[in-house]
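Given the sequences, and given the hints that come with them, work out the whole structure.
Residue numbers (the numbering used here): 1 to 739.
What the hints contain is simulated information worked out from the structure, not anything from laboratory work. Note that the coordinates shown come from a computational prediction; the quantities given were computed from them, not determined experimentally. Check the hints yourself; a few may be wrong.
No farther apart than 30 Å at their CA atoms in a straight line, the calculated lysine-lysine pairs in the DSS-like style are these [claimed, not checked]:
(1) Lys206 <-> Lys218
(2) Lys122 <-> Lys204
(3) Lys668 <-> Lys583
(4) Lys269 <-> Lys342
(5) Lys557 <-> Lys611
(6) Lys384 <-> Lys611
(7) Lys584 <-> Lys611
(8) Lys718 <-> Lys684
(9) Lys684 <-> Lys668
(10) Lys218 <-> Lys269
(11) Lys75 <-> Lys125
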Amino acid sequence: GEVCTMINKKYSEFLPSMQSAEELLAQVEGLSHNIDLLKAGIENEVQRDLNVAVAEFTELKQQLERDTLVLSILKKLQEFDTAIKECSSALLEKQYVAAAQQLQQARSSLRSLESRRGFELKILKALGTELTVQTQNMLYLLGEEWQKLIVWKLPPSKGSSSLEAVVLSELHLHTVPPQDEDTAVPPVAAVLQALAVLGELHSKLKDFGQLLLQYILKPLISHPSLEPVPEEQPDVFILRFRCQELALDEASPMEVFDKIKLVFEVLHKYLLNVPLEQPGEGRVTLAELLGELIWEELSDCLIHNCLVNSIPTNSSKLEQYKEVIESTEEFEQALKEMQFLKEDTTALLKYACNVDSHFANKKCQDVIMAARNLMTSEIHNTVKITPDSSIALPELPAPESGDHPKLPRACSLLHNGTVNLGAESRLSPFTLCLPTCRVSSSVQQLLELAYHTLLEATASTDLCCVQLFDCVRNIFQLFYEVVPTYHRENLQKLPQLAAIHHNNCMYIAHHLLTLGHQFRYRSTSVLSNGAATFVDLVPGFRRLGMECFLAQMRVQKGEILERLSSARNFSNMDDEENYCAAKKAIKQVLHQLRRLGMVWQDVLPVNVYCKAMGALLNTALAEIVTRIAALEDISAEDADRLYSLCRIMVEEGPQVFTPLLEEDKNKKYQEEVPVYVQKWMTFKELMIILQANLQEIVDQWADGKGPLAEEFSAAEVKSLIRALFQNTERRAAALAKIK
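In structure tokens, the structure reads:
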């Protein structure tokens, strides 16, 4: 019964909870059903509505964007239109700056219209055209105004900046506002500012600057006689010129600076002192703009046509140049105050201050020009050099006593190179002497030029000194290049010129030995360290002289052999025709030698003369000996005639030696011919053979110890005996003794 009670109790507790669970289940199922319905509803109805709404919204948004674009375009079109209208009305009232600004406004509106992508309006082309027309119209009006303000009265021969043309030029500036009607002509500032706004000022100023340079500034620099004449009238300012009569060829930089400064002062007063707003640059004055355009060309012109000419050519005048430097500085400063130059511009001053270097450059240019002129002048104008003639040297000061306490006293150069070494040792007075000869006067002047330039160098600043020293070395290197080339033809054709050129080279080489040394004791100079030498150039000059003269000797030897080749080998002299040909050849050779002897007379140093003439006479004698010794048959008559031909050579040969002008002094050299003519004795021995009998020839041979054996070999003597004598037992006996 208890169990039953428990079950009932449990059941009665369980039942309600089960019932509530069933209710809950029914609710969940209902809810789930509702959710399904809702989901189906959303999928079918709401989603569709939503898509429609989004599409509508997007369309509206695009519509709005289109409308905004159209609105902004219309706004820009309106801006453009307004700007163009305002511009036109401003122009009517001659308010140029306002008009120009409106025009720029219209331009920027048009630009922004053109920059829109995907928006090509046909109207844009028309607007562009309207803008261009309006701009051109305005530029034309501004150009008219500019021409009224600045009037050039130029001579008819336009483009000429000759003195006559410039004197007739005038510049009129109508920038002085007229008292009565100040509105009629807009002030200069408005025209300039309007041009600046339109970006046209630059080209207007450029043209103005060019005219200013051509007709005013450059002529004032290049014509010292020109003077600017400013004149102010109530409504116009005029700049004219007048020509001073007695003007110098070259104006001093001070005078030129004053004239140019005057021009800038009046331009500044009447035109250039206008402040402008430059697009993208801020405030500038007209003077600055013009300065940028013309200063480079003007400063170049001032340097090349004014400062260069004022550079001294003499180191002693360098001191006075300070005045030029000061006035250059003042000139630049004045232009800076007028704002024509920027503060850091110093081209002119730099140039003027660098006077030492310019002085050296100018000096070197002058020296090289002078040297070149001397080198291309005639060689045959000569001066005589003797051992005791001295070059016209500048006096070289003795070394300062205080400067080199340890150095021996400098060698004093006396005359043409005699050196006095003080009491300790004596050289012969002729140790460093040139023998008497002739050199071109141009070469003597060239050496004087070199000495004077070196002297100038020692008085200059270090930089300048080195430049001038190099310049002197260049002179000699130039000689080496120029002279042999420039005078080539004459040196080949004319034996006298070849001789003079030979002397010139030896003379230069002689001076180069000591050239640097003489300046060694000028203690202040860079040249005093002994590095300033010319000795390295000496061998080259000696070689140059030798080669030229030897080439001439080869030509002369060739001519001698050419003439002797027409002597029919000296064979068959018993034939009259052959004999005449041989005699003529010998006479021609002697004539050639005589002529050379004359053209070299008093030109070549005696020892060179005698060696040269000796060598040429020797060529002739050696050729004759060779030809006669080669003959196979010499008849008695042949021998006589050959002998008489040889006698002409022996008698007249020495007479071609005439080294000196004084006849009587030449005897000595004619007697010494055997010394200079190597084959002289050979030739004399040949003549003896031609006249001798067999016994005499054997005696002259004297078992290979006689005079004949000195000059001829056994084979040559045998050959001559066979040619001269018939084949007899006596001849055979004689031949046997020659061995």
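Find the hints from earlier in the document that the structure breaks and name them by number, from lowest to highest.
2
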